[in-house]
Every structure is written in C-alpha cells, then in structure tokens.
Amino acid sequence: MAKAGRTRAEDEARQRPPAEVIHAEELARLRAEDSAPRPPGWQLSLQAVRRFICGDPAGAAKVVCAPALVERAMVTLATSRALLLVGEPGTAKSLLSELLAAAISGSSTLTIQGGASLTEDQIRYGWNYALLVAEGPSERALVPGALHRGMREGRLVRFEEITRCPLEVQDSLLSVLSDRVMAVPELSGEAGMVYAREGFNLIATANTRDRGVNEMSAALKRRFGFETVFPIADPAAERELVRREATALLARSGVPRAPDPDVLDLLVTCFRELREAVDDEGTGLEKLSAVMSTAEAVSVAHAIGVKAHFLRGDAGRPEDIVACLAGTAAKDDPEDLARLRRYLDQRAGRRKGEAWRELHAARHLLTPQ
Amino acid sequence: MSGSDTGALAVVGVRHHSPACARLVRRTIAALRPAFVLVEGPADYNPFLADLALDHALPVAIFSFRADDRGSSASYSPFCAFSPEWAALVAGREVGAGTLFCDLPAWDPAFGQRRNRYADPHGARAAVAERALAAALGAEDQDALWDALAEAAPEDELPARLDRYFALLRPPGTDDPAEAARERFMAAHAAWALREAGGRPVVLVCGGWHAEAIRRYAAQADGTRPAPAPAEEGTRTGSYVVPYSYARLDRFSGYGAGMPSPGYYERVAADGLGPAADWAAGAIAAALREAGQVVSTADRIAWAAHAGALARLRAHPAVLRADLIDGALACLVKDALDAAPAWAAGTGAPGHPALAAMLRALTGTREGRLAPGTRRPPLAADVEERLRAAGLEPGPTRRHIALDWAEAADRARAHLLHRLVILGLPGIAREEGPDLAEPGLPREGFSVLRHPHWPGALIEASQWGGTLEMAAGARLATRIEAEPDSLPVLAGALSQALFAGLPIDGDLLARLRAGLAAAHDPAALGAAGRRIVRLHRFGGAFGDAAGAALARLGLVLAERALVLIELVADPRAGLGTVDLLLACRDLFRDCPDLAGLGPLRAPFVAMLRRRLADPGAPPALAGAALGFLVACEAAAGADDAVRRLRRFGRPDSLGDFLAGLFALAREEIAGDATLAAVEDLVGAWDDDDFLRALPSLRMAFGWFPPRERERIAVAILRRSGAGEARAEAEALAWMRQRARPLDQAAALAHEARVAARLTRYGLT
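The listed protein sequences correspond, in order, to chains A and V.
For the first sequence, the numbering used here assigns the number 1 to the initial residue and increments by one for each residue that follows.
For the second sequence, the numbering used here assigns the number 370 to the initial residue and increments by one for each residue that follows.
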C-alpha cells in the first residue's frame, strides 16, 4: 500500500521500489487475515511472516532458502538478540533482510549501509548545525540516524555489510543491543535517553568474502544470532529464479522477450558447476576465486538479453555466455581466466547437446579484455 | 490402520529404531496376544533365537557373513532397546507367542551389497514424496518430518498417520521389484503362521515400506513354510550375535541406519519428548564446554527460549530434536558455516566443528555387551586356544612382548601375532620391528591388551575363515583383490604374508613381478623395491621357497631400475629416484650371491656414470648416482665427490644433490673434506640464496643421525675458530633448539629486510 500523498504512478516510476511497496497488497491481506498471536511491536505473527517470505500453497516463495532458516531468523528477532545474516555475495542476504523488515515492521527503509567511511553519528544521530549554533542542543536540532529512529519508533533497522565498518563503529552498537537504550548526553531531561520501543531490533548482513565476522568483537558477536545463507541447493529452483528475475529485469529494460530457455539452462549450469567445482558426472573441477552467485547469473542473463535484443534482435545465444563470463568470472584474476578456459576447452566439449556444442565452439571469445 | 487385519494377520509397518513404533508394537502384541510374532530379521538365525533372549546389554546386532574363494561379505541387523523389532521379540516371548524371524538370510542376492538390513533403499520416487511431504508440513528433512509426524503423535492417532505416511511413500498396490523376493518370503511366513495358529492372530513386524505388499502377498501364499535356500557349495555362511554401539548405529558416523542420535531417542523412549530434550540440551552444553567452547548461562537461556519458540511456531506439542538443534545453531554457533548444516542436507559431514560435537553428544556412548554363554563362531575358539597355548592371552593391562626371529618358538609366536594384526583385531599392535634395511634376523615388539571391542571383532573376523590361518590369508587376499595393480599394496601384502608365516600365493608373486617390470614411477618402484630387498636380506627367516621368490623379485627390480633411471629427466622426479637407488645399492652391495645379478652390474654402473656426467640430470639423481658409485665401486673417493659437488653448488641444486649423495653413501663420504667444501659453497651465498637452499639442505642433513649431526656441528665450529670446549657446548645447543626451524628462517628473512632498509636510508 503506497503511503499517503504518493501515487501508484510515482511508485512505478521508481527504479526499485522497496519491498513493502511492491508487496503492499499482500501485506495488507496478511495483516487482515492474521489471527495468530503477534510478538509485541510486530505487525504480523510469525506464521504470517513465514507465509509472506516462504510462500504458501497459493503463492511462490520470495526467497529460495530453507524454511528453517527463516524460522530461526524470525525467532531470533522475536527474542532479545539481533540477527546477523552471513554468506557469500549474491546469496540474497539483503533481500531476506528487506523482506523480514517489510513484513515485521511494515517498512524496510531504515537502512545503514556499512562501509569503511561510516562514522558513529551516521548511525546514531547528528546535528543540524545551523540550528545547533542558533539554539544550542535541542530536539529540533537533532538529526536522528536510522538507529535512533528505529528505537524511537519500534521498527527494525537494517545494517548492510556490517563487517566493512571500522571496529569502533561496530562496537557502538553494544549498549544499544544489550540495554536497548541510547544516551544523548547533549540533551537534558527525558530527551537525553532514547529507550527502544517494542518492535525495535537489528538485522545485519555480512559478507564471507570481505573481512568476515572473525574480526568482530566477541562482545558484539554474543549479541547476535548468526544465520548462514547458502547458495541455492536445488538446480531447478535456481534456474526458475534466474528466469523469473531476468525476465523482470529485461521487461524493465524494454526487452519484451524472455531469455532463451536453452541459453538460460546452460548459463545456470555453468555457474553452478564453477561455483561448486563439480561437473554433472561428479568430477572435480578447479574452483574459481570469483563469486559465481545466483545474483551474478541474473545480471549475466539480463546483459545477454539486452545485447541480443537490441543488437541482433534475438533472445541470446550460447556464445554470449562466453563473452559475459570473461567479464564476470575473471574479473580481476588471470588465474580464473585460465581455469575458465580449461573448463570450456575440456569440459564443455564433452557434453551432449546443441547448446553445449555452440558454447564449446565459442570458447575463442574468452580473451582477456 | 497399520495393524489392520488380513483375516487374523496384523502387519505392523514400522520405521526401524523408532521409539513410537516400538510402543505401538508392544501395545499391539499385548492387545492381540497372537499365536505367532514374526519379525523382519534373518530366518537362518531362527534355530539360535534363544541366544537373543540371554541377558545382553543392548545394543547388539546379528552379524551375518558369506564367504567363498573370491572373498567375503558381511552385514548387520542391529537392535537397541527402542527398536520395534526388539520390542516385538521381547513382547512375543512375554505373551508366549512363537517368535520367529521371517526375512531372507543376509547373504541372499536380494540384499545386494547392503551392510545394514534395516537401511531400506526406497528409491527416487519415495524420496520425492518424502521431500514434498516435508515441505508441505514445513519440516526441513525426513528426520524432522518423522519426529513431527510420528514421535510427537498422540498414541491413538499414530497408526492412521503411519498408514498415510507409508502409503504416500509407496502407493498401495505397487510392487517393488528390488524387494519383492524378501516381501514374498515374509508373506509366505505369515501365511504359514496363520495356518498353524488355528484361528489365533498373527503379528508381523516389518519396515513400513513392505507392510502393504506383505498383506497382499500373504493372501496369495499357499501356507507352506518357506525355508531359506541353503548356501551354495563351497561357501561358508553364518550369523552370530555381536556387541554393537550407539556410535555405529548413528547414521552420522556408522552405517546407514533408520534413525540418527540413538542416545537422544533412548531418552525419548524411556522418559518422553520433554525430558529427552532437557537431557539433550545438557549433553550438548557439556560436550561443547568440554571442547573448550563457551556456553554461558545466558546462551542457554536464549537457546531454551529459541527452541521453545520454534516448537510453537512449528506447532509441535513439545520441543523436538529439530527445534533443539536449530535453536542451538542460532544461539550457540557464532561463525559463518562453510556448508549447510548436516541435519538439513541429510548427508555428509556437519558444516561446523561445534555442530559435529553436538551431534556426537546426541549419539550417546552406550556400548553393547554379550551375555556369557552366547554362541560364538569357530574362529573365536581357534584364536583364543592358540593365544592360550602361546602364552599370549590379552589381559586387562597392556603387555609388551619382545620377539627374536632367531628363536624358533618366537618365530611361531610372531606368525600368530602378525596374523591377528592382519585381521585388524583391536588391542594387538606391532610396536617395533625392522624398518630400515639391516641384514640378519629381525627382532620385533608387540603389545597385547584385552580391548573392549575384542569379543565382537573376533566374531566379525570369522567372516574371513574358520581358523586363524585361513582367516588371515583370506583377509590379505581381499586386500590384494581391492587393488590388484598397486605396487605398494602388493609389496605390503607380501611382507605381511611372510611375517605372518602364511603360504606365499603364486598369483601374488606373478603380479608383483609384472608390477615391478612395468613400473613407470621411480618413487613407487623404489618404495616397493626397498621393501623387497629388505625382506630378502632377512635371509632364511622366511624359509627357502620365500628366499628364492624374493631373489627373483630382486632381479626384476634391478632390471627395471636400469631402464627407468636412465629415463628420468624431470628435476622434480629426482628425489623420487633416491629410494630406488637405495634398494639397488643394497641389492648390489649386500647380495652379491644373488643369481643373475652379476651380469647386470656393469651396465648398471655404466648407466649411473652416464647420468652423473649428464648436465641435464636432476641434482638429486646425480647425487644418488655418485653415492651409489662411492658405496658399491669405491672407485670414486671423496676427492671426486668434492669436485662434482662444486658443479652442483648453486643454491637451487646443492641441497638436492647432497640429499641423494648422503642417502646412499653417508658413511663413506661424510669426511671433513666434503663438509668443508659444502661450507665453502654455502659461505659464499648471500642470505636470500641461503634461505632458498635451506629446505633442501635440511632434508640432505636429515639423513644423518643426531649424534653425527652434532659431530658435524662441532667440526664446523672448530673450523670457524671456536675452541674445543666452546664448540662442543655450542654444538649441543644447536642440536637442542627450542625455536622451530621455520620460525628461525622467518626471523632471518626479517633481519635481512631490516638490514636492506637500513642500508637504503644510509643508517648502517
């Protein structure tokens, strides 16, 4: 349901509306039908959140992952710990966190983007310096950060890529997560203490490829429940997801046709084999150091569709995969390029089927760029 | 319902090792008071069923084997206190029913290569059905599904749920070709029992997969009692009770079984789901703490809350195993996992050490024990009688036994102990014995201890034969059969057979000769060759026939080495030739009377001279060739060695060259002249060169025993001007270094970097 003052047309003109806008109708229906008890401050019961994310007989799942993972994540959020989603890049951690926030708090926009330059006042609060100079510290002059707002309003706060922040910024979360209170020493009286309302909690995501969770302080780790998100285990589910997402992206890019099913099948198979380092017969392959995630597969499928439609007017050919793989799989590692070349040379040539033959025939396109 | 009647036949389809099914079986038998209780188990064991009624400590298993000339196979039918099959046997006896196993013997072709009777392969369709059902009910895997469906079911709903569950896995009316023979056999038993029962009921307990088919087939059977087909001519078969353990029962560590975490399910059966969850939480926390992991009280509170909330969310009436371990995963594991957790994947190792520890804690440590008077196979009596006669009975404390092959009595005892080692019996270990080639008769040391697993292992070893000699020979033969072309396996088997006094198989010798003659890897040939030459040098210990066979193998080895060493060109393969040249050195130097070796000597020496002069030869090979010539020809003395040493004096080749040289001619060559030459060369290098050469130099000097290394250190210190006393003290300190060599090398590298930087800024 779009918020007041905004029209549906405005929502649709956005490049990427947040989950609560995309799924507004479903969320409203779930809220109306939900009769199970809700944790304090939650807009939905746990059962309804599970239905929203994992799907039910009527609707498809919005994230392909084990239902038990979603259950554990919800229970962690409903008890006193914050949730930390860890995993390889492109395993839909951020999407899961967005859906959880949208379902539980009704909004997923209280987001802190972690990074090396993040400072403490960006997540807690800052000041409007003109007002500060004119009036001194006052509630009017205070510019609340996402954490401040989440606590005051009883909403979920998302903290993306938490391990990319300096350790001292991470540790500023400690008192908030254990005592559920934030001191604003500049203000006096009641305004000097922000107590978290029911419904406040934190969902952080961390990338196993970055600095990782090992460097997090033990004190902070203790306040998080960890959930590892894995690449999609079921080939058919991954293929379906890539098809759906790529089709949607292509539609937004003005490409009316869906990706060619054979090319898509080939693409997902290549990605899975290179990611798991095992081919269809169970023979070991060389593992690429680059990330071969589902999200990466979607963007390659998107790129192939755009190129094929606008340049040639078809739906994509196996040779396009080779051209894209050079840019995806061998981003910054010449070794990866060599591994990829061996894969196309030695493995693809042995496989049956027209698409594999074309892929093998196009292996010369794999040149360093 | 599961216990529904076909006439008076009640077939109770169960999941193996399920406490809920065991309760159902007990209730059914107590209510029906049947004339017969038939149980899915090996019918060939029926004459010995009284053995199972003895006062065993569970878990135990029926161990069945079948052996012939070509090999042997074995399988188990395990029982624990909460197995429905065990419950049926006990309850059947209590109500005075005729209690019988009704399934085919374990060696029937219908079982294929299965190691566990109760691990039913259900096929792809059933797996799909089970996954779909699990997904529909929100369970993550089939174990979680089973717990929610059956273990947590109200008693009166269980039969109906089981019926629907098994009907989903295998739709009623379908035949399973892979299992039809077993199902018809069980059904024929049921029909026979019905006829004999005279109107009283008959209860048949079997895997739920078979239940509906057995009901159908029983109606078609004619009522004659089926007998298991007798074993084929020339095969030995048998079934005996053996002690089993929870560790073997658990799917995560043992053979495929019906249910994981037996320790946990024992509590479920005894006390119910709630107390079992409490026990499991305590066991997991204790196991993690023992492993040094922090499980604080706060963690345990959070975990209990989490597990309880998951159970409520999943509409479970109590905290089930999946809730508990999911809660533990969320609250106790503070790391990213490398792989999806094992109870979710259903196969493979747990993704994290903490998860492995948790699952082990739930496995439990219970070990079964047989009651006195249980029937045992002939091998057990044979082994124990021989051990008693030889005065080698394993006792509660470890005994160390020293044997000298020069004594005839010791030789017989050595044969006996080696045969037990071949069979892999626990508690018997060879602790010392000849390793490096040394002429003369070997001395050996064994340790003998009565291991807790000894009785079971002894019974299980009877699959290899009825007497110790037969069993050891058969065991060795299967090892060869498994890898008939592997030189290390063949040479190892030959050595084991000789030490155990087993007759040497002509086939083994032929394979070894062919393997040696066709070997293309110098390292593998060298390893096998050293073994064979060593055995040959033991001389008469193994008897004349063995001596002649070993001499022939030695000759084949020398002939192959002559060809192979000439061909080695890859610098990395150089070190692989050292063992081969060692074997040849021992052969040419110490076995001059070996018939046929004389004519090979001249070409061998000529070949090595060529390799030594070859600038492209790998340094290690050149060094070993020189070592061979020094050791066997005495033609090239230390002077020649020093001259050649300089040719390989570069940092990347000196270490390898010396490794080859010292390996073959350490005693002859390691005079002061050689060492001084090495010192000169090394002294001229800069630090980078030295660090580069260090690993291979360490390897080269590794051929010296510590005493000689100390002597070398003294000599070096003396040459650098240290007084005698100081040199000796310092050499001693070098020999007993506290810091690891790698750390020292790293420190050296650091110092060099610091020095370079100081120089760069003009600070020296």
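Rather than coming from a laboratory, the hints here were simulated on the basis of the structure.
We treat Cβ as the ideally placed atom computed from N, Cα and C, and that holds for glycine.
Errors might be hidden in some of the hints.
Stated by the list, open to error - Keeping only pairs whose Cα atoms sit at most 30 Å apart, straight-line, the calculated DSSO-like set for lysine-lysine is: (1) A:Lys-307 <-> A:Lys-352; (2) V:Lys-703 <-> A:Lys-352; (3) A:Lys-287 <-> A:Lys-307; (4) A:Lys-221 <-> A:Lys-307; (5) V:Lys-703 <-> A:Lys-221.
Claimed, not checked - Negatives, chain A to chain V, calculated, CB over 10 Å: (6) Leu-46; (7) Ser-80; (8) Ser-117; (9) Tyr-129; (10) Gly-225; (11) Lys-307.
Hint consistency between Lys-307 (chain A) and Lys-352 (chain A) [alpha-carbon to alpha-carbon, up to 30 Å]:
Answer holds: Lys-307 (chain A) to Lys-352 (chain A) is near 27 Å, not above 30 Å.
Can the restraint linking Lys-287 (chain A) and Lys-307 (chain A) be considered satisfied, given a maximum Cα separation of 30 Å?
28 Å, holds
Closest CB of chain V to the CB of Lys-307 (chain A) still more than 10 Å away
35 Å, holds
Distal placement of Tyr-129 (chain A) relative to chain V, Cβ over 10 Å
40 Å, holds
Verify the proposed pairing of Lys-221 (chain A) with Lys-307 (chain A), using a straight-line Cα cut of 30 Å.
Violated - the C-alpha atoms of Lys-307 (chain A) and Lys-221 (chain A) are around 45 Å apart, more than 30 Å.
Holds or violated: Lys-703 (chain V) and Lys-221 (chain A), Cα atoms, limit 30 Å.
Measuring from Cα to Cα gives roughly 7 Å; hence the hint holds.
Would you assess whether Ser-117 (chain A), listed as outside the interface, keeps its beta-carbon beyond 10 Å of every beta-carbon in chain V?
25 Å, holds
Pairwise hint evaluation, Lys-352 (chain A) against Lys-703 (chain V), where the allowed Cα distance is 30 Å at most
Not OK: Lys-703 (chain V) and Lys-352 (chain A) at ~45 Å, beyond 30 Å, violated.
May I ask you to check that Ser-80 (chain A) keeps its beta-carbon over 10 Å from the closest beta-carbon of chain V?
7 Å, violated
Can we confirm that no CB of chain V comes within 10 Å of the CB of Leu-46 (chain A)?
5 Å, violated
Chain V versus Gly-225 (chain A) - minimum CB to CB distance exceeding 10 Å, so not interface
5 Å, violated
Violated hints, listed in ascending order, are 2, 4, 6, 7, 10; each of the other numbered hints is respected by the structure.
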